[in-house]
Amino acid sequence: MSSSEHNENSEHTNPAVDGSELIKFDNVTKRFGSKVVLDNLCFDVSSGKHVTLIGPSGSGKTTILRLLMTLMKPEEGTIKVGGHYLTHEEKGGKLVPAGEKHIREVRKNIGMVFQQFNLFPNMKVLRNLTEAPVHVLGLSKEEAEQRARELLELVGLTEHIDKYPSQLSGGQQQRVAIARALAMRPQVLLLDEVTSALDPELVAGVLDVLRDIAHTTDITMLCVTHEMNFARDISDDVLMFDAGRVIESGAPEKIFSDPEHERTREFLGAVL
Amino acid sequence: MTSGLWELVLKGIWITVQLTVFSSALALAVAFAFGILRTHRLWIVRFLAGCYIEVFRGTSALVFMFWIFFVLPLMFSYQLVPMWAAVLALGLTYGAYGAEVVRGALQAVAPAQREAGVALSFTRGQQLRKILIPQAWPEMIPPFNNLSIELLKGTALVSIMGVGDTAFAANLVRLALQESAEIYTYTLLIYFVLAFVISRGMRALERKAKAGIGRPMEKPAARKPGAGVLQMLKKVDGKAVDPQHAGTRARSAGGDA
Amino acid sequence: MEWDWSAVDDFMPEFWDGVLTTLQVLALGSLISFGLGLVWAMALRARTRFITWPVALINEFIRNTPLLIQLFFFFFVLPEWDVQFSTLTTGVLAIGLHYSTYTAQVYRAGIDGVPVGQWEAATALNLPRGRTWFAVILPQAIRRVIPALGNYVISMLKDTPMLAVIGVLEMLQRARQQGAETFQFVEPITVVGVAFILIAYPASVLMRFLERRLVQQ
Chain H
119 MSSSEHNENS EHTNPAVDGS ELIKFDNVTK RFGSKVVLDN LCFDVSSGKH
169 VTLIGPSGSG KTTILRLLMT LMKPEEGTIK VGGHYLTHEE KGGKLVPAGE
219 KHIREVRKNI GMVFQQFNLF PNMKVLRNLT EAPVHVLGLS KEEAEQRARE
269 LLELVGLTEH IDKYPSQLSG GQQQRVAIAR ALAMRPQVLL LDEVTSALDP
319 ELVAGVLDVL RDIAHTTDIT MLCVTHEMNF ARDISDDVLM FDAGRVIESG
369 APEKIFSDPE HERTREFLGA VL
Chain D
179 MTSGLWELVL KGIWITVQLT VFSSALALAV AFAFGILRTH RLWIVRFLAG
229 CYIEVFRGTS ALVFMFWIFF VLPLMFSYQL VPMWAAVLAL GLTYGAYGAE
279 VVRGALQAVA PAQREAGVAL SFTRGQQLRK ILIPQAWPEM IPPFNNLSIE
329 LLKGTALVSI MGVGDTAFAA NLVRLALQES AEIYTYTLLI YFVLAFVISR
379 GMRALERKAK AGIGRPMEKP AARKPGAGVL QMLKKVDGKA VDPQHAGTRA
429 RSAGGDA
Chain A
117 MEWDWSAVDD FMPEFWDGVL TTLQVLALGS LISFGLGLVW AMALRARTRF
167 ITWPVALINE FIRNTPLLIQ LFFFFFVLPE WDVQFSTLTT GVLAIGLHYS
217 TYTAQVYRAG IDGVPVGQWE AATALNLPRG RTWFAVILPQ AIRRVIPALG
267 NYVISMLKDT PMLAVIGVLE MLQRARQQGA ETFQFVEPIT VVGVAFILIA
317 YPASVLMRFL ERRLVQQ
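Heads up: the protein sequence lines correspond to chains H, D and A, in order. Its first residue numbered 119, the first sequence is counted upward by one per residue in our numbering. Its first residue numbered 179, the second sequence is counted upward by one per residue in our numbering. Its first residue numbered 117, the third sequence is counted upward by one per residue in our numbering.
The hints are simulated quantities; they were obtained by calculation from the structure and are not laboratory data. Quick reminder that beta carbons are idealized off the backbone N, C-alpha and C, glycines included. Among the hints, a few may not be true.
[As the list claims (entries may be wrong)] Cβ pair distances, simulated, as ranges:
| id | chain 1 | residue 1 | chain 2 | residue 2 | range |
| --- | --- | --- | --- | --- | --- |
| 1 | A | R163 | H | E371 | 33 to 39 Å |
| 2 | A | R163 | D | V375 | 29 to 35 Å |
| 3 | H | N158 | A | G246 | 37 to 43 Å |
| 4 | H | F150 | D | G303 | 48 to 54 Å |
[Stated by the list, open to error] Chain A is nowhere near these chain D residues, computed Cβ spacing over 12 Å in every case:
| id | residue |
| --- | --- |
| 5 | Q196 |
| 6 | A211 |
| 7 | L220 |
| 8 | V249 |
| 9 | P251 |
| 10 | V296 |
| 11 | R307 |
| 12 | I311 |
| 13 | P312 |
| 14 | I327 |
| 15 | F374 |
| 16 | A389 |
[What the hints assert, rightly or not] Stretches of chain A that chain D covers, calculated by requiring three or more beta carbons in the stretch to come under 8 Å of a beta carbon on chain D:
| id | segment |
| --- | --- |
| 17 | 130-142 |
| 18 | 272-283 |
If we strip away everything but chain H, and leave its shape as in the complex, we get (with noise of 0.2 Å):
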């Protein structure tokens, strides 16, 4: 998919910003061994986006995401972060792989939430929040925890701040892991299967919240998620992975009530 009629970046001031497209893959190619997780991907995210991925298990969904948060590195192909090249910096021309510096750099843009929250359970919900701002954005501790209640008050948890991670439950952390995630305030948030470890009755705070976060921000979005009600509220547009490629994309509307590949179809009536 490649949509290009967007260009929202007004808010963020980055110059290398070419266009619209925010996210380009472009032939990555990623294994695990022998077995080709990413097959020669190709596509791009514009700018303030909600792109939702889905697919069996195994089709390469959270890989995207974790390539995006250079928690892995692609074998081939090359990745664009707001018209930076993500693992690799050009020198005398020529593509390298990137070094710390950059790849910190350029991380900066992009925010995730996890599975599993991973929330630090030797800080207290404010320092969770507060901690990285101050030591890497560099926020005064004054600024850094301003900033943290406001984003406790968008997630309703204002009076969680003093405790512990292990004094909450599963959907109030998870809820704290995205405030987390946005005091850094990223460009892009990644957001994988963030409703997949928390107990039924917990998963619709959590996707109130995000939901939330999609219609009043203009945060580029890359989600994962088995909710498909949810994708359907929040997505411009659907990809559709199946053993490492996007087999198809398109408008929610259209992929969700007529699908035009039979894989799609298979998949959806087993999810739905």
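Model the placement of chains D and A on the given structure of chain H, informed by the hints.
What follows is chains D and A alone, placed relative to chain H:
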């Protein structure tokens, strides 16, 4: 170094090897005896065996060695040959650590196995010989490996008592040459090689023992993410010393996991 | 022979001085082993083999060779290199270095026990490497390994008599001197032996207690 000095060192190595082998044999016997007694059904037997283990794990090997060399002869007017005094000291000390390994491994055998033995109306001795020990044995080998290396290192202490082992020879060479960097570097390398040989041998033994009861060797890398730290301690890499075996079990008075 | 209580009395002043030296060695040796062991453990997690391999080799080497020889090495070789330390300093350095290779294993197990998601979350937040280590990983890792570290302090206690060979006046060396002066070896050495058991056993019980409290939560 002259050939005469090398000969001295070679003799020392031979003494070290003998000391290690004999002390390990004694330690193994002590370990099994007291390890099994620790699982005895009478509390008084368990208690007495426990006393032995705690005393010998609590004391310093070197102090105990001094005691055997200098105090025992005075108290009982009976002088052991230095070599055997050393074997006694090392065997009793490391046997106490080994006893905890044996006890732990015996108790780790599935209770159903013990019950099966009862159901077959085996005597307690038969249960041990035919069911418990064969199954527990492979589990004992990795901690025994670490204990053997600790024992090897412990043999160096006998040089202080005048037994002519590698460490003792090294000291003589140092006096002869008035130079220490070279000889002590060689000495450390010798012990390192001996430790390596022990480790290799024990690993081969473990493979054989596990094959004997139809279990594959566990790969050190086969670690489950998120497992508790105790599990981690248990599985950390087979290279030389697993920390829990060398540490909480072998080298210290700490309890078993 | 007869057990002579007056010999015990005569030894007592020396004994207490020895206890003090032993505890001094233990405290300083522990500090070195805790600090250096942590450095080893973190170096073993470095991203380049140019660091991890040499560090692993050094650790294996030190851990698999006798402390006694290492003591001699430092005692005789350092002066040859024109490094002059007191025997106490030499002993503390040697025992601290030796035990750092054990504590390194303990730390490593603790670090491996921290879920990989914690590292990933730190990456996702772009935390600097140092911050990730000291604010996120180590606070979680160290808590659980405190009992194991404590056990090594007890082990170290039992190895302190080795420092007698280079002349450090800890408990055993005091007993030897007393024996040499009075020709009564039995009492001083027995007193020292009993003292070790009296210190080590309660300490090990304490560690077992801590293990249950801290680790299995």
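The hints, checked one at a time:
no.	hint	verdict
1	R163/A / E371/H: 33 to 39 Å	violated, 46 Å
2	R163/A / V375/D: 29 to 35 Å	holds, 33 Å
3	N158/H / G246/A: 37 to 43 Å	holds, 38 Å
4	F150/H / G303/D: 48 to 54 Å	holds, 52 Å
5	Q196	holds, 16 Å
6	A211	holds, 21 Å
7	L220	holds, 23 Å
8	V249	violated, 5 Å
9	P251	violated, 10 Å
10	V296	holds, 31 Å
11	R307	holds, 31 Å
12	I311	holds, 26 Å
13	P312	holds, 30 Å
14	I327	violated, 6 Å
15	F374	violated, 7 Å
16	A389	holds, 27 Å
17	130-142	violated (count 0)
18	272-283	holds (count 8)
Checked against the numbered hints above, the structure breaks hints 1, 8, 9, 14, 15 and 17 and satisfies the rest.
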